[in-house]
Amino acid sequence: MKQASSVEIWGGVECTCRRVGDAYSDQLVRNGHRDRLDDLDRFAALGLRTLRYPVLWEHVAPESLDQPDWRWPDERLARLRELGITPIVGLVHHGSGPRYTALNQPSFAPGLARYARMVAERYPWVMDYTPVNEPLTTARFSGLYGLWYPHGHDDATFVRVLLNQLHATRLAMQAIREVNPAARLVQTEDLGQAHGTPELAQQVEFENHRRWLTFDILAGRLTPDHPLWDYLRTHGITEAELQLFLANPLPPNVLGINHYATSERYLDERLDLFPGEPALRGLYHPAYADLQALRVAGVRTVGP
Numbered sequence: 558m559k560q561a562s563s564v565e566i567w568g569g570v571e572c573t574c575r576r577v578g579d580a581y582s583d584q585l586v587r588n589g590h591r592d593r594l595d596d597l598d599r600f601a602a603l604g605l606r607t608l609r610y611p612v613l614w615e616h617v618a619p620e621s622l623d624q625p626d627w628r629w630p631d632e633r634l635a636r637l638r639e640l641g642i643t644p645i646v647g648l649v650h651h652g653s654g655p656r657y658t659a660l661n662q663p664s665f666a667p668g669l670a671r672y673a674r675m676v677a678e679r680y681p682w683v684m685d686y687t688p689v690n691e692p693l694t695t696a697r698f699s700g701l702y703g704l705w706y707p708h709g710h711d712d713a714t715f716v717r718v719l720l721n722q723l724h725a726t727r728l729a730m731q732a733i734r735e736v737n738p739a740a741r742l743v744q745t746e747d748l749g750q751a752h753g754t755p756e757l758a759q760q761v762e763f764e765n766h767r768r769w770l771t772f773d774i775l776a777g778r779l780t781p782d783h784p785l786w787d788y789l790r791t792h793g794i795t796e797a798e799l800q801l802f803l804a805n806p807l808p809p810n811v812l813g814i815n816h817y818a819t820s821e822r823y824l825d826e827r828l829d830l831f832p833g834e835p836a837l838r839g840l841y842h843p844a845y846a847d848l849q850a851l852r853v854a855g856v857r858t859v860g861p
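Take any residue in the sequence shown, count from 1 to its spot, add 557: that is its number in my numbering.
Misleading hints may appear alongside valid ones.
Okay, the calculated beta carbon distance ranges per label pair [as the list claims (entries may be wrong)]: (1) Arg-636 / Ala-739: 16 to 26 angstroms; (2) Trp-786 / Ala-844: 24 to 34 angstroms; (3) Leu-840 / Gly-641: 46 to 56 angstroms; (4) Val-564 / Ala-602: 46 to 56 angstroms.
Hint data in this document are derived by calculation from the structure and do not stem from the laboratory.
Every residue gets a Cβ at the ideal spot worked out from N, C-alpha and C, and that includes glycine.
Build the full structure now, drawing on both the sequences and the hints.
This is the structure:
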């Protein structure tokens, strides 16, 4: 019998670059990594041999794809290579792209595809990519909760932002594989389970289908008999868009399941118990609070 290989510990640099209104919040600046090359040596000393690492569209080409600045990723990826650390390169991380595009604009997907090709051509030795980090989670914060650009509070914005990110992932991997046919898609998503009151049982069931949409759509599993086919069609996604993924599925090579202490949600229609919490409108209830289950007494979370 072949002996099983040892478990590897992979790492990742927190690199969220989100847009709120006309301002960008950059975690690489906030955590100081942008100015600390020797962080990479420290990662190597920990024994990390695979590292999720940003080569973000917003950083390299903030004004135009015709004016990229590769100095920072050139230095960082070269050092990772010297250290023997395999990068999983991320291109958009909870972002909306540079100012000349946005998550809800038709230019987002082709723009990211063009940028992805530029990255692959410059670093042909890179094998692993996450073109868009956590598309569904980003769509929730940008299209349902209204916290990030374009600050939507409705299902139509949510599904459009989600589909644009998945189209961008599909086109980006197509462009990358035209340069490097062996490139792998490492697709991440937060799959926190939803819980709730008996009154919101239908909404909870819906949310526990919705949390899988990133993988269901990319893998070509969102067929007309899928529980959320009608939901997507009702809120503006065309059948032709969905058929693209059925005809040309993009199953990830690696599933990156992110689970945070606050991933699991608790839905409660008793808004008076949660003053200050915004009210969401669902398919099965006119107004409810969407809370971190960890912070609600008596809720038993299930974990990753």
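Okay, the hints, checked on the actual structure:
Look at Arg-636 against Ala-739: about 23 angstroms separates their beta carbons, and that is inside 16 to 26 angstroms. Roughly 26 angstroms separates the CB atoms of Trp-786 and Ala-844, a value that falls within the hinted 24 to 34 angstroms. For Leu-840 and Gly-641, the hinted distance range of 46 to 56 angstroms is satisfied, since their beta carbons lie about 50 angstroms from each other. At roughly 19 angstroms, the beta carbons of Val-564 and Ala-602 sit outside the given window of 46 to 56 angstroms.
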